[in-house]
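K.L.:
Listed below are the residues making up each chain.
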Amino acid sequence: MAKITLSNLRHSYLPNPSSDDDYALKEIDLDWNDGGAYALLGPSGCGKSTLLNIISGLLVPSEGQILFDGANVTDLPPDQRNIAQVFQFPVIYDTMSVYDNLAFPLRNRGRDESVVNERVMAIAEMLELTEMLDQKAAGLSPDNKQKISMGRGLVREDVNVVMFDEPLTVIDPHLKWKLRSKLKELHQRVKATMIYVTHDQTEALTFADQVVVMQEGEVVQIGTPVELFDRPAHTFVGHFIGSPGMNVLTCEVTDGTAMFEGHAVTLEGPITGNAHAASTGRTEIGIRPEFVSIGKTGLPATVTKVSDVGRHVVVECHIGEHRINAITEGAAPAKGDAVHLEFAPDQTRLYIDGWVATEPTPALQATEKEG
Amino acid sequence: MKTENQKAWFFVLPVLLLVAFNALIPMMTVVNYSVQETFGDNVFFWQGLDWFEQILRSERFHASLGRQFMFTFLILIIEVPLGIAIALSMPRSGFWVPVCLVLMALPMLIPWNVVGAMWNIFALPDIGLLGYFLNHVLGIHYDMTQDPIAAWVTIITMDVWHWTSLVVLLSYAGLVSIPDAYYQAAKIDGASNWSVFRFIQLPKMKTVLTIAILLRFMDSFNIYTEPFVLTGGGPGNSTTLLSIDLVKIALGQFDLGPAAAMSLIYFAITLLVSWLFYTLMTKDDLN
Numbered sequence: 001m002a003k004i005t006l007s008n009l010r011h012s013y014l015p016n017p018s019s020d021d022d023y024a025l026k027e028i029d030l031d032w033n034d035g036g037a038y039a040l041l042g043p044s045g046c047g048k049s050t051l052l053n054i055i056s057g058l059l060v061p062s063e064g065q066i067l068f069d070g071a072n073v074t075d076l077p078p079d080q081r082n083i084a085q086v087f088q089f090p091v092i093y094d095t096m097s098v099y100d101n102l103a104f105p106l107r108n109r110g111r112d113e114s115v116v117n118e119r120v121m122a123i124a125e126m127l128e129l130t131e132m133l134d135q136k137a138a139g140l141s142p143d144n145k146q147k148i149s150m151g152r153g154l155v156r157e158d159v160n161v162v163m164f165d166e167p168l169t170v171i172d173p174h175l176k177w178k179l180r181s182k183l184k185e186l187h188q189r190v191k192a193t194m195i196y197v198t199h200d201q202t203e204a205l206t207f208a209d210q211v212v213v214m215q216e217g218e219v220v221q222i223g224t225p226v227e228l229f230d231r232p233a234h235t236f237v238g239h240f241i242g243s244p245g246m247n248v249l250t251c252e253v254t255d256g257t258a259m260f261e262g263h264a265v266t267l268e269g270p271i272t273g274n275a276h277a278a279s280t281g282r283t284e285i286g287i288r289p290e291f292v293s294i295g296k297t298g299l300p301a302t303v304t305k306v307s308d309v310g311r312h313v314v315v316e317c318h319i320g321e322h323r324i325n326a327i328t329e330g331a332a333p334a335k336g337d338a339v340h341l342e343f344a345p346d347q348t349r350l351y352i353d354g355w356v357a358t359e360p361t362p363a364l365q366a367t368e369k370e371g
Numbered sequence: 001m002k003t004e005n006q007k008a009w010f011f012v013l014p015v016l017l018l019v020a021f022n023a024l025i026p027m028m029t030v031v032n033y034s035v036q037e038t039f040g041d042n043v044f045f046w047q048g049l050d051w052f053e054q055i056l057r058s059e060r061f062h063a064s065l066g067r068q069f070m071f072t073f074l075i076l077i078i079e080v081p082l083g084i085a086i087a088l089s090m091p092r093s094g095f096w097v098p099v100c101l102v103l104m105a106l107p108m109l110i111p112w113n114v115v116g117a118m119w120n121i122f123a124l125p126d127i128g129l130l131g132y133f134l135n136h137v138l139g140i141h142y143d144m145t146q147d148p149i150a151a152w153v154t155i156i157t158m159d160v161w162h163w164t165s166l167v168v169l170l171s172y173a174g175l176v177s178i179p180d181a182y183y184q185a186a187k188i189d190g191a192s193n194w195s196v197f198r199f200i201q202l203p204k205m206k207t208v209l210t211i212a213i214l215l216r217f218m219d220s221f222n223i224y225t226e227p228f229v230l231t232g233g234g235p236g237n238s239t240t241l242l243s244i245d246l247v248k249i250a251l252g253q254f255d256l257g258p259a260a261a262m263s264l265i266y267f268a269i270t271l272l273v274s275w276l277f278y279t280l281m282t283k284d285d286l287n
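If you read the sequences in order, they're chains A and B. Once you know that position 135 of the first sequence is 135 in the UniProt record's numbering, the rest is easy, because the numbers rise by one and skip nothing. Once you know that position 44 of the second sequence is 44 in the UniProt record's numbering, the rest is easy, because the numbers rise by one and skip nothing.
Honestly, I wouldn't trust all of these hints.
As the list claims (entries may be wrong) - Now the in silico label distances, taken between C-beta atoms and shown as ranges:
hint, chain 1, residue 1, chain 2, residue 2, range
1, B, SER195, A, LEU133, 18 to 26 Å
2, A, ASN108, B, TRP96, 29 to 37 Å
3, A, HIS318, B, TRP96, 53 to 61 Å
4, A, ASP158, B, ILE178, 52 to 60 Å
5, B, ALA173, A, LEU133, 17 to 25 Å
6, B, SER195, A, ASN33, 46 to 54 Å
7, B, ARG198, A, HIS174, 30 to 38 Å
8, B, LEU103, A, SER44, 37 to 45 Å
9, B, VAL247, A, PRO142, 53 to 61 Å
10, B, VAL102, A, ASP158, 43 to 51 Å
11, B, THR270, A, GLU128, 44 to 52 Å
No lab work stands behind these hints: they were computed from the structure. Cβ coordinates follow ideal geometry from the N, Cα and C atoms, glycine included.
Given the sequences, and given the hints that come with them, work out the whole structure.
P.N.:
Laid out in structure tokens, this is it:
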């Protein structure tokens, strides 16, 4: 087990990258602490699989280094890095029994057959595969095959990190939940560092202690699920996490005040950074639908759509061209109604060029420190 | 409400007719000949199973059958491993893929009698490129018209040249269908190249290899044109394979009865061995 450090990592699939756009990964600096449960979250094509393959050694980065406990492993092949990876589609050795599949990584490393047996039995027990050990792996259902893939990763006692590349893609919905909680349980039992790549926010938020959100080859925010929800550092995170995502409203900034459709909007705190950026950059207000309330006072808006999603009602309103979602638990207005929207000030932030540019309210800062 | 009628069977009728005319009726004619003796003029005498007995006891038949099995065995033992080896060394992507595929397909596009004629000329000791080169440049005595060993080497080489591509193309199709994740997982599991071949590539190629082996068995067991054009069964009877012998009896000697009996035995052997191959190669398949 080890702490994994990515330092100044860049990768391009092109032989001679010239501009930033040529890079699948742009400048990544990250530390993965020993024993942590991490999720790498982002849309398809954001570079998360590239990053995973660089950590596992299947890909050599164009620039930068990977350190395991401070030792440079950038040029080491996968089998010498002591890592394990579970792929999107279950990889099993068809002709072998379940037992032989699980024993394969140990036998390749020349372990004693008694050690092999002990480890295989322990892992099979953990994954509830004991009854299938003598069966041929080829005939099993996808979820059991995926368990074997995981088992082959966990069977080596000294793995530095176990990586999961969207491992639940081919699993039936009702088994996804089961396998996900199995994973969580496994993490607690084996204490290995785990990195879980997914584009599904539910999977990421339920599995991980720390979520790394990526977009277009860049890490936009790292934080606990709560932090990502409460204070998105980037409009992308606000959009991507939450259902529906954060409202992002174009606004103007004059004399340190955000003006939206002619109304001054109270922000969580003073605007950070220089005034120049605020005057030239793209300025937006970000507020989650959970913190938009429908009341008697506030911004006048028209209700354009009401969707009852079960636990609450999503009310879609329009102020001019801008669409704003609000979530309400009580009685919802009807379509076409004229309403007033109020933004909770401590949850209203200004984003300049996508990045958050307001100081958090003191109360929130305090809870952040506690966490 | 369940309506049941059997009218759908009429849809099968055209196929039945087709099969009747191109397989069943000719086949039954052969059966008819195999149990009778004829001297022409449509006069037939009942012979029972005499011809079958005669063929099965005939040393000439045993010799041809032996040569036939030897030929098929040799070409399979060469073409299958060679084909797999070539498929493994072919590029998986890039500019050279179509080049390799076309080059591989070329020998199979040449008509069989042309292949025989090509190799005949190629191997002639005095004017053929190969024959001349071996005899006059390397100084190896090689004459397939005189020497049975040379004749065998030539027909085997010709078949390998003509048909290894089939094994290559089928194996290659099996190989390219293996997702990258398998190779990546094997790398992470610390598998050796041999293990990758044994536990990933070979199992994934198994289905197509079964087909390749079956096709190569049937085609080589029934081969006629190429060796007939190349050696004509000679020198002596040294390359007289079953089909060549059969044609000699049927058309050369016009012994229709024994020839018909021999055809049926030949057919039964092909069928039996194909079935054995297939059963053995698919016996551990679960689904």
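K.L.:
Does each hint hold? Answer for all of them.
P.N.:
The hints, checked one at a time:
no.	hint	verdict
1	SER195/B x LEU133/A: 18 to 26 Å	holds (20 Å)
2	ASN108/A x TRP96/B: 29 to 37 Å	holds (32 Å)
3	HIS318/A x TRP96/B: 53 to 61 Å	holds (58 Å)
4	ASP158/A x ILE178/B: 52 to 60 Å	violated (29 Å)
5	ALA173/B x LEU133/A: 17 to 25 Å	violated (34 Å)
6	SER195/B x ASN33/A: 46 to 54 Å	violated (34 Å)
7	ARG198/B x HIS174/A: 30 to 38 Å	holds (37 Å)
8	LEU103/B x SER44/A: 37 to 45 Å	holds (38 Å)
9	VAL247/B x PRO142/A: 53 to 61 Å	holds (55 Å)
10	VAL102/B x ASP158/A: 43 to 51 Å	holds (49 Å)
11	THR270/B x GLU128/A: 44 to 52 Å	holds (50 Å)
In this structure, the earlier hints numbered 4, 5 and 6 are contradicted, and the remaining ones agree with it.
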